[in-house]
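Residue numbers (this note's numbering), protein chains in the order written: chain A, 1 to 112; chain B, 1 to 113.
Hints listed in this document are in silico derivations from the structure and should not be mistaken for laboratory results.
Keep in mind it's a predicted model, so treat the numbers as computed, not measured.
The C-beta atom is built at its ideal place from N, Cα and C for all residues, glycine as well.
Just to be clear, a hint being listed does not mean it is correct.
What the hints assert, rightly or not - Sample of chain A residues facing chain B (criterion: CB under 10 Å; computed from the structure):
| no. | residue |
| --- | --- |
| 1 | Asn28 |
| 2 | Asp62 |
| 3 | Gln95 |
What the hints assert, rightly or not - Quick partial rundown of chain B residues pointing at chain A, CB under 8 Å, derived from the structure:
| no. | residue |
| --- | --- |
| 4 | Ser14 |
| 5 | Glu15 |
| 6 | Phe18 |
| 7 | Leu19 |
| 8 | Gly43 |
| 9 | Lys60 |
| 10 | Lys108 |
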Amino acid sequence: EPEVTQTPSHQVTQMGQEVILRCVPISNHLYFYWYRQILGQKVEFLVSFYNNEISEKSEIFDDQFSVERPDGSNFTLKIRSTKLEDSAMYFCASQARNYGYTFGSGTRLTVV
Amino acid sequence: GDSVTQMEGPVTLSEEAFLTINCTYTATGYPSLFWYVQYPGEGLQLLLKATKADDKGSNKGFEATYRKETTSFHLEKGSVQVSDSAVYFCALHLQGGSEKLVFGKGTKLTVNP
């Protein structure tokens with residue numbers, strides 16, 4: 001069964017550093033998403049991406065965040081200057097039109 | 001705004017026990033409702049869904065009925081197995097609106113032999 005692949009599974013970074021989280025969505029999917037879950041809290045929507053541009057973003061997704069689909073296969077989330085409160089599990093998901101989401105297994109980001 | 005509230009975990013049961021995980025929602029429109037499951041070390045997997053009132057979603061022995069009058073979508077299973085140990089998330093999606101899912105906090109279930 002096709003999978004969404006996320007790398008790395010765990011990333012530790014120092015506060016203020018830039019971090020890039022990587023995702024390989026399912027190849028024929030059209031919609032791409034990032035969600036995050038701070039430990040013990042809800043899974044929260046960050047951003048959706050369609051046709052090479054952001055289609056929707058949440059209040060969390062401020063200027064420190066950006067997304068890119070650089071080569072037609074990868075889908076990346078960049079945090080420019082990480083803060084302690086960015087520590088969370090980040091989930092990538094992709095979706096074909098009118099079909100359910102497929103989520104990746106997540107990247108646990110720890111900012112120290 | 002739209003939100004999902006799940007019963008607090010963790011939940012610990014013995015094998016073959018009956019499971020209920022409560023989920024209620026608040027939505028400005030008419031949502032579709034979902035249960036996702038996350039097994040250790042894996043991603044979020046769709047367990048079941050319902051798209052309109054009184055629909056029952058079912059999969060792998062789990063069931064949930066969309067109750068508009070009580071704005072609920074409780075997850076049930078008659079006889080749990082050790083392999084059901086996971087974190088369960090209730091979620092909604094507003095039809096005709098954005099593509100985003102709104103999740104509850106998740107409920108961790110541990111089933112002991």
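inquiry  = Need the list of violated hint numbers for this structure, in ascending order.
reply    = 1, 2, 4, 5, 6, 7, 9 and 10
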